[in-house]
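Engineer: Okay, here's what each chain looks like letter by letter:
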Amino acid sequence: MEKRNFNIFVACMIIGMTVFWLSVYSFTILDVDPLQNIKNIFEGDDSIVVTIKGNVVEEFELSLSDIKSDQYLQVIDEEFHIVNAIGREYDVTYSGVSLWSILDIENLLNPDSLTFLFIGGDGYYAETSLPLSLAENNTDQIILAYEQDGQPIFFEGPVVSVVDHDLIPDKANTHYLVKYLKTILIQ
Amino acid sequence: MSSKTNNDEFKITGHNALGHKKFTNLDLIYASILGIIGGIISSLIPFGLLIKVWYPLTGGTQLVSGHHVIWASIVYGITKKKRTIFITMLSKGLLEFLLGDAWGLIIIGVNLIEALFLALGFFLMEKIGEGETKLGWGIVGGMGNFFQAPFFWILNQRWFLHWTLWTLAFIFAFISGVLIVGLLGRTVKNSLIKAGVPTTF
Numbered sequence: 314m315e316k317r318n319f320n321i322f323v324a325c326m327i328i329g330m331t332v333f334w335l336s337v338y339s340f341t342i343l344d345v346d347p348l349q350n351i352k353n354i355f356e357g358d359d360s361i362v363v364t365i366k367g368n369v370v371e372e373f374e375l376s377l378s379d380i381k382s383d384q385y386l387q388v389i390d391e392e393f394h395i396v397n398a399i400g401r402e403y404d405v406t407y408s409g410v411s412l413w414s415i416l417d418i419e420n421l422l423n424p425d426s427l428t429f430l431f432i433g434g435d436g437y438y439a440e441t442s443l444p445l446s447l448a449e450n451n452t453d454q455i456i457l458a459y460e461q462d463g464q465p466i467f468f469e470g471p472v473v474s475v476v477d478h479d480l481i482p483d484k485a486n487t488h489y490l491v492k493y494l495k496t497i498l499i500q
Numbered sequence: 008m009s010s011k012t013n014n015d016e017f018k019i020t021g022h023n024a025l026g027h028k029k030f031t032n033l034d035l036i037y038a039s040i041l042g043i044i045g046g047i048i049s050s051l052i053p054f055g056l057l058i059k060v061w062y063p064l065t066g067g068t069q070l071v072s073g074h075h076v077i078w079a080s081i082v083y084g085i086t087k088k089k090r091t092i093f094i095t096m097l098s099k100g101l102l103e104f105l106l107g108d109a110w111g112l113i114i115i116g117v118n119l120i121e122a123l124f125l126a127l128g129f130f131l132m133e134k135i136g137e138g139e140t141k142l143g144w145g146i147v148g149g150m151g152n153f154f155q156a157p158f159f160w161i162l163n164q165r166w167f168l169h170w171t172l173w174t175l176a177f178i179f180a181f182i183s184g185v186l187i188v189g190l191l192g193r194t195v196k197n198s199l200i201k202a203g204v205p206t207t208f
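Just so you know, the protein sequences line up as chains A and B, in that order.
Per my numbering: the first sequence = residues 314 to 500.
Per my numbering: the second sequence = residues 8 to 208.
Just so you know, these hints were derived from the structure itself, not from any lab.
Careful, some of the hints might be misleading.
[Stated by the list, open to error] With a straight-line cut-off of 25 Å between C-alpha atoms, the simulated SDA-like cross-links for lysine to any residue are:
| # | chain 1 | residue 1 | chain 2 | residue 2 |
| --- | --- | --- | --- | --- |
| 1 | B | Lys89 | B | Leu35 |
| 2 | B | Lys59 | A | Gly463 |
| 3 | A | Lys492 | B | Ile178 |
| 4 | A | Lys484 | B | Asn163 |
| 5 | A | Lys316 | B | Glu137 |
| 6 | B | Lys59 | A | Ile342 |
| 7 | B | Lys59 | A | Phe467 |
| 8 | A | Lys484 | B | Leu162 |
| 9 | B | Lys59 | A | Ile466 |
| 10 | B | Lys59 | A | Ser360 |
| 11 | A | Lys492 | B | Tyr62 |
| 12 | A | Lys352 | A | Thr341 |
| 13 | A | Lys381 | A | Lys492 |
| 14 | A | Lys492 | B | Asp108 |
| 15 | A | Lys352 | B | Val71 |
| 16 | A | Lys316 | B | Ile135 |
| 17 | B | Lys59 | A | Leu498 |
When you get a sec, could you build the whole thing from the sequences and use the hints?
Structural biologist: Listed below in structure tokens is the structure:
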């Protein structure tokens with residue numbers, strides 16, 4: 314093998330091994346299921362999509378059909394104001410279930426539960442935890458959305474967290490719009 | 008024009024405008040066509056879905072991000088003018104802006120800076136005699152595509168994400184540049200020339 318080709322081969326191996334081990338480390342440390350998106354394609358509405366855990370009375374799992382059920386407060390075709398990190402503003406119509414209605418109806422919170430954090434199935438998580446009082450006082454402005462513009466959120470879902478910008482006016486609320494929502498961590 | 012039909016040999020297609028300061032009509036036509044194709048595809052086709060299914064980590068979609076820049080490497084291959092890279096990426100950026108890109112006017116700047124890094128890469132590779140090799144095109148492609156990943160992640164202020172996601176996203180952007188912008192771009196360029204598309208050098 315020519316020295317030049319050998320050097321290219323070695324460089325490729327180093328990059329390949331770095332990617333492999335960094336990926337393994339990321340999947341492990343961020344608790345990401347590598348097959349999650351494939352499972353989402355083949356599994357129906359009854360598979361578990363979101364888990365509420367942390368400082369809760371009992372870990373609670375929700376399927377898509379649970380999230381869509383009328384036992385919780387449904388927010389239908391509501392317009393949410395979105396502001397991204399460079400300040401660009403736009404409105405998007407979402408349908409989903411009120412986060413607070415789930416926490417309240419299922420009696421999940423401990424007396425000392427203070428905040429919640431959205432975590433995606435792809436290792437992404439919201440910028441910071443938000444106070445639970447925000448969800449309690451604005452029940453229809455913090456939702457777990459399953460439809461956007463009247464269509465199921467297929468590619469980035471099935472569930473996305475949405476927080477209206479009015480509730481966090483000094484932040485980019487796109488940082489709280491967590492796609493592939495998997496976990497709500499109560500702290 | 009050559010009358011050869013053997014696909015293994017390059018046809019003589021050049022218009023011999025290499026070194027001319029002015030653009031030829033063909034330069035502008037190629038830059039416009041490729042820029043418009045790139046703008047439409049970048050805006051309307053979610054290539055990231057190809058990755059997301061089997062590699063769910065956020066940032067993994069950078070593995071296909073090279074499709075945003077491949078048009079500029081193709082146009083350079085058939086015109087050999089670095090200025091056509093800028094015309095192509097400007098056309099592409101304008102179209103992305105007009106099609107409602109979430110980054111607004113910034114997307115035009117991003118395209119122009121990608122063009123700058125690509126042109127710089129070609130300049131450097133030609134200086135060291137790798138201007139036409141796969142290695143040279145690969146490194147150029149990696150340079151051209153790498154920039155946008157850290158730029159977007161910094162612009163998006165994703166400081167709070169785990170460091171491994173940042174590192175992987177940047178490595179993926181470079182790999183995508185090497186494979187798509189560099190090697191695939193070079194292959195497409197060669198195929199176009201073999202097919203008889205007139206070059207302007």
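Engineer: Taking the hints in turn, state whether each one holds.
Structural biologist: Structure-based check of all given hints:
1. B:Lys89 <-> B:Leu35: holds (12 Å)
2. B:Lys59 <-> A:Gly463: holds (23 Å)
3. A:Lys492 <-> B:Ile178: holds (23 Å)
4. A:Lys484 <-> B:Asn163: holds (12 Å)
5. A:Lys316 <-> B:Glu137: holds (16 Å)
6. B:Lys59 <-> A:Ile342: Roughly 19 Å between the alpha carbons, so the hint for lysine 59 of chain B and isoleucine 342 of chain A holds.
7. B:Lys59 <-> A:Phe467: holds (12 Å)
8. A:Lys484 <-> B:Leu162: holds (14 Å)
9. B:Lys59 <-> A:Ile466: Roughly 15 Å between the alpha carbons, so the hint for lysine 59 of chain B and isoleucine 466 of chain A holds.
10. B:Lys59 <-> A:Ser360: holds (20 Å)
11. A:Lys492 <-> B:Tyr62: holds (15 Å)
12. A:Lys352 <-> A:Thr341: The hint holds at about 18 Å.
13. A:Lys381 <-> A:Lys492: Holds. Lysine 381 of chain A to lysine 492 of chain A sits at ~17 Å (cutoff 25 Å).
14. A:Lys492 <-> B:Asp108: Satisfied, since the Cα-Cα distance of roughly 19 Å is no more than 25 Å.
15. A:Lys352 <-> B:Val71: holds (22 Å)
16. A:Lys316 <-> B:Ile135: holds (17 Å)
17. B:Lys59 <-> A:Leu498: holds (24 Å)
The structure agrees with every numbered hint stated previously.
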